[in-house]
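Those sequence lines, one after another, are chains A and B. Per numbering that gives the first Met the number 0, residue 0 is the first one in the first sequence, and the count goes up by one each step. Per numbering that gives the first Met the number 0, residue 0 is the first one in the second sequence, and the count goes up by one each step.
A few of these clues could be false.
With a Cα cut of at most 25 Å, we get these calculated DMTMM-like pairs of lysine to aspartate or glutamate [what the hints assert, rightly or not]: (1) Lys50(A) <-> Asp27(A); (2) Lys50(B) <-> Glu6(B); (3) Lys274(B) <-> Glu262(B); (4) Lys31(B) <-> Asp138(A); (5) Lys274(B) <-> Asp138(B); (6) Lys31(A) <-> Asp280(B).
Because the hints were derived from the structure by calculation, they are not lab data.
There are 2 protein chains.
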Amino acid sequence: MIENSEEVARVLSANNPGEATTEPVLCDALAKAVSNPGRMVRAGLVMAAAKSHGLEAATAEQLACALEYWHQASLILDDLPCMDDAELRRGLPCLHRTYGESTAILTALSLINRAYALVQRAFLLESAAVREQACELVDSALGAAGILCGQAWDLRFSRGLRASREVGRIAWRKTGALLGLAITLPLLPSSAWPRERRTLHALSIYWALAYQAMDDLLDVAAPTGAIGKTPGRDAALSRPNLTIALGAPLTRQRIARLLGLAELQVKQLRERDAKWTYLADWHERLLMSRYRMFIAA
Amino acid sequence: MIENSEEVARVLSANNPGEATTEPVLCDALAKAVSNPGRMVRAGLVMAAAKSHGLEAATAEQLACALEYWHQASLILDDLPCMDDAELRRGLPCLHRTYGESTAILTALSLINRAYALVQRAFLLESAAVREQACELVDSALGAAGILCGQAWDLRFSRGLRASREVGRIAWRKTGALLGLAITLPLLPSSAWPRERRTLHALSIYWALAYQAMDDLLDVAAPTGAIGKTPGRDAALSRPNLTIALGAPLTRQRIARLLGLAELQVKQLRERDAKWTYLADWHERLLMSRYRMFIAA
C-alpha cells in the first residue's frame, strides 16, 4: 500500500510495548497484534505528509506508529463480544478469539498507552503552541466527543427516521477521527497549518464518509473472503449501514458524490501548492483503486 | 479523606469528557463515574505534594484529576465480566451492570484519553526534560510493563510455588503504578526531583504492598458491607491474595513489617527537609488509620 511499508512495519515492531518482564500471554498477544498491521493507511498518510512538509524522519515514524497503534486498538476493542462480536480481522481470527477477552483489552490498552507517549516524544522539542494543538486534536479525536462517541452511537443505533444522516454522523466520528489525525498531526510543526485547515478538515470528512460507505456496501454485498473481516455483521447486529438504510444504488450514487467532493478539495490544495500532491496519490490509493475494484462495476 | 476533597470533586466533574454531543448513554455513564470518585487518595497525594513543593494550583488540579481518571478507568475495566466479574464498586453496582459492558469500556477509555490530555496540559510550559520524564513515567507505569502487566499476571495467577512472592510483584505493578505516579509526577518541576527519587520509589513500593496486603486480608476476612466492593472474589477467582497464600497471621506480620519500612522512608525524608511532612500525614491517613480500624484488632 505504501512505498515505505517495510520501514513502517519495522517501526511498529520496534515500539511494541511488550517487554521482557511483561506477562507472557500479553506479550504474545502484543507481538501478534503489531506483526499484522493491515494496510497501514494512517501510517502511510503520515509518512507522505512528512516527506512533503519536511518533517524529520524520527518524528514521522513516531506519529505513524502512534496512529497505527490507536487504530489497531480500536479494531481489537470493536471486535469484542460486547461490541461487534467479530470473528475475523485482517484475515486472521480476532485477537480475543485467540487470547481471550481480558488479554485483548489489555493489549489494546498497551497499544493506546504507548501511542500517547509516541506523540509526546514526536513533539517534545516543538513550541508549546504546537504541543497544545496536538494535545487538543488527539483529545477531541479519540475521546468522548470523537471515536468513542462514534462507537457508542454505533452500538445504540437502530434503523429509523433520518437513518442515512445518522449513518454519516457515526461514520465521520468512527472513521474520520483517526484519518483526520493522520492528515493533520504531521502538519502541525509546518507553516501549512492552520492556513489549509478548513480544506483538510473537509477532505478528511469526505474521505471518511466515502470509505465507510464503500465498507457498508461491501459488508452487505461482498462474498465471504473478499474482505479481511466477517461480512454481514451490520445487518446481523442492526448497526448503522448506509446500504441497509438507502439500498445499493443510492449508496453507489452517494459514494460517487463523496469521491467527487474529496477530489475537489485535493484539487484546490494542489492549485495552491504542489507539495499537496501526495494527497492526490492517497486519494487514488485509499479510495479510487478500491472503488474501481469493488464498487464501480 | 483530604481537606480539599470538595475542590477535587469539582475538578473531576469539570473535566468530565462527556459533552453535549456525546451519545447520551455514554454521557450518563461518564457523569455517574465522575460523581462517585471514592476516597480520592491519588488526588489528595498530588494536592498535598503541590502545596509543599510550590506547584501551581491549576497544574496540581490537572494532575490530580488525571490520576483519579486513570484509577477509575482501571477499576471499571477490572470489574468487567472477563476480568474480576465484580458486582459492587464504591458501594454501588459496577458500571457495566448498569450500562452494559460496551458502555463501561467506552467510559473507561474516555477517562483514559482525557487523563493523558490533562497531564500534557499540566506540564505544557515546563522544560523538555520535565516533559520527557513525565512521559516516560506515565508510559512505564500505565503500560505493558506496569499496571497492564500487573492485571495480566493477576488474571493468569495460579496458587503454587513462590505464591507470596508473585503476589507482591503483582501488587506492586497493580497498586504501585498509580500511587507511584501520584507521589512523583507533582515533584517533576521541583528541585526535589530526582534527588529523593530512590527513597520516594521505595516508599511507593512499601505503601502499595501494605495497602494491597490489607486489601487481601479484608477480601478474605471482612463481612459483606464493610468494604465498598464484593468480598471473597480473590478465592472465588483464584486471584493473587496474600492471605490465601500465607494465612491471616503471617499476612498481619507482613503488613506490620511493610508499614514499618514505609515509616522509615518517611522519617528519612522528613529529617532531610520538613516539606516532606505531608507524606507522614498520608502514611497515617492512607494506611495507619485503616490498619488500626480493620487489621490491628
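Outcome of the hint check:
1. Using a Cα cut-off of 25 Å, the hinted pair Lys50(A) and Asp27(A) is violated, with the two alpha carbons roughly 34 Å apart.
2. A C-alpha spacing of about 14 Å is found between Lys50(B) and Glu6(B), which places the hinted pair at or below 25 Å, so the restraint holds.
3. For the hint linking Lys274(B) to Glu262(B), the alpha-carbon distance of about 16 Å falls within 25 Å, and the restraint holds.
4. For the hint pairing Lys31(B) with Asp138(A), the CA-to-CA distance comes to about 21 Å; that is within 25 Å, so the pair holds.
5. Proposed proximity of Lys274(B) and Asp138(B) is contradicted: the alpha carbons are some 28 Å apart, above 25 Å.
6. Our distance criterion of 25 Å between C-alpha atoms is broken by Lys31(A) and Asp280(B), whose separation comes to about 46 Å.
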